[in-house]
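*Asks:* These are the residues of each chain, in order.
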Amino acid sequence: MMQDYIVFVGVNMVLAWSVYVILLAGSLSFANGGFMAIGAYASGVLTVKFGMPLIPAALIAGLIAGAVGVVVGFPALRTRGIYLMLVTVGITVSVKAVIESIDYVGGIQGFGGMVGTRPWHVIALVILVGCGLWFLSKSPLQRILDAVREDELSAASLGINTVYVKLVCFGIGAFLAAVAGSFYAHHLIHVTPDQFGIVVSVFIVLYAVLGGTNNMWGPPIGAVIMTLIPEVVRGLESWRPTAFGVIILVLLLIRPDGLLAFREVTTRANKSWVTGKADESKPAKAKSA
Amino acid sequence: MLVEQIINGVVLGSMYALIAQGYTLIFGVLDKLNFAHGEIFMLGGFVCLASIALGASLPVAILITAIVSGLLGLMVEFVGFRKFRSADAHITAALSSFAIGLVLIDLSQKVWGAEPVALTLPGSLQTATITIAGLKLVVLRLAILVISLLLMLVLYLVVLKTGLGRRIRAVAESPAKAALFGINVTRVNQQVFVIASVMAGLAGLALAVRTGYSSTDVGFTFGLKALAIMAIGGMGDLRGALLGGLLVGVIEALAFQWGVGQFADVFVWLFMIAILLLRPAGLFGTLVSKEIRT
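For the protein sequence lines, the chains are A and B, in the order given.
Last residue of the first sequence: 288 in numbering that gives the first Met the number 0, with the numbers rising by one and none dropped.
Last residue of the second sequence: 293 in numbering that gives the first Met the number 0, with the numbers rising by one and none dropped.
Everything labelled a hint here was simulated from the structure, so no lab data went into it.
Don't be surprised by glycine CBs; every beta carbon is placed ideally from N, CA and C.
Treat the hints loosely; a few may be bogus.
Derived pair list, reagent style SDA-like, types lysine to any residue, alpha-carbon separation capped at 20 Å [unchecked claim]: (1) B:82 x A:254; (2) B:109 x A:229; (3) B:109 x A:241; (4) B:109 x A:237; (5) B:82 x B:183; (6) B:82 x A:252; (7) B:109 x A:245; (8) B:109 x A:246; (9) B:109 x A:5; (10) B:82 x A:239; (11) B:82 x A:246; (12) B:82 x A:238; (13) B:109 x A:254; (14) B:109 x A:252; (15) B:82 x A:249.
Far from chain B, by Cβ distances over 12 Å, these chain A residues were calculated [said to hold, decoys possible]: (16) 88; (17) 91; (18) 138; (19) 140; (20) 191; (21) 241.
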């Protein structure tokens with residue numbers, strides 16, 4: 000049981016971070032459930048059908064998903080806001096439907112035989128990703144990301160290649176989601192396409208939003224809380240979606256920045272892209288701009 | 000055979016179009032996606048089922064479904080959108096409406112179970128057929144088609160010709176300016192949500208009556224596909240939603256006819272992605288009146 004908790008909590012933390020990385024450049028992704036599915040199935044095929052060890056398989060699966068993310072993302076990131084949100088929903092639904100129709104990986108019945116995730120794999124992954132993001136948040140790169148997110152036009156005028164920045168973030172997010180997905184699958188032994196539907200993507204985004212997305216600690220803490228509370232509180236397990244939905248609604252209404260939305264020392268601009276508050280710093284921004 | 004399939008596709012498409020009209024109306028006025036819309040559609044089938052189980056006749060059940068869906072729409076507007084009205088809040092509004100959708104799905108699964116529930120109408124309404132020009136057609140499907148098209152025509156006329164429609168168009172153009180001219184923007188938002196939700200609820204009723212069962216997962220399959228259709232037809236474009244719905248319905252019916260039915264979903268979503276990338280105004284739209292939104 001302890002093993003289950005560690006794996007699920009760790010995987011969800013990394014998934015929440017994978018959404019956070021994409022959000023850093025200002026895009027919201029509902030595609031991470033799809034990338035997770037790509038990771039789970041690609042690494043599963045490598046370990047079960049080709050006998051590869053888990054860790055290289057997970058990395059290769061991550062690279063595959065990252066490549067898919069970049070290829071799909073390159074045109075998709077030209078669209079913004081609501082359009083991008085719809086495109087990522089489309090990616091998740093399409094990935095699931097494509098996997099369901101491939102007989103080689105078991106189609107709708109699912110794919111089995113994956114074993115080998117140890118808790119330390121997941122713990123190491125969480126530490127690695129955490130360290131990486133921490134270094135990122137202290138590096139000049141963070142300021143580039145902030146610039147791209149807050150005002151793409153100004154960022155571009157300063158010579159930042161905004162499409163490139165967003166694309167790299169999208170690719171890294173896809174990579175992380177896929178690696179987390181492969182560890183998840185190798186813990187569960189058997190996975191079905193249903194486990195990676197649009198609902199999962201939404202849950203991952205909600206983990207991140209629940210914790211708060213203006214610093215790197217919010218998303219994993221949101222993931223921990225939402226994974227553990229239903230396990231700890233008896234009887235809540237069967238009410239999970241309702242409890243989850245109500246908590247999210249209450250939180251969005253009374254604390255729109257997320258649970259942990261304290262400001263770090265860095266001077267960041269208004270987080271209007273997620274809080275929904277009117278952005279006083281950009282008064283000229285028209286509704287249709 | 001082929002003609003019958005195409006007619007089936009048109010009937011299917013008219014239901015898609017009914018839902019997509021709601022999405023597109025709400026998007027056009029508020030600039031937000033309402034992800035709870037598919038669940039109101041799903042509940043339409045269950046409300047109909049419950050009222051028939053309680054002894055109501057079909058017309059009464061239709062009336063009850065319309066009223067309940069309208070109230071649900073008001074609830075969604077109040078909980079999920081009232082506070083997130085600024086133009087930058089589209090992510091927050093999407094998440095809150097998704098959360099409402101999750102709660103609605105979970106609660107209806109608590110009440111009716113996760114499995115589809117059979118819905119049989121008294122009499123032979125669900126099976127009666129009529130032969131027109133050598134084609135055997137199910138009366139019910141034709142009725143669904145006619146009623147959906149009528150509903151959409153009424154909506155179109157309301158938006159174009161009435162005072163309510165003028166207010167809706169004013170708010171869609173610019174809520175701030177509309178408010179300056181004395182329009183109660185909150186009231187208009189509520190009206191839009193009621194109209195959209197009633198149409199979604201009736202579409203859910205139509206689907207439940209046509210297939211003979213209600214299921215809690217149609218919101219995420221059928222309903223979400225209507226979202227893609229809304230984008231294909233052009234976001235905020237009522238005619239586009241209708242034509243896109245009919246087009247997708249016919250393509251889907253033909254896909255099943257030719258034995259590639261399992262790819263219909265992928266096709267719809269990939270088509271939507273292609274449309275958003277190449278023609279963000281939608282298949283039939285132009286960018287003359289509305290710029291691309293960020």
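*Asks:* Starting from the hint list further up, note which numbers the structure goes against and sort them upward.
*Replies:* When the structure is compared with the hints, numbers 9, 10, 12, 13, 14, 16, 17 and 21 turn out to be violated.
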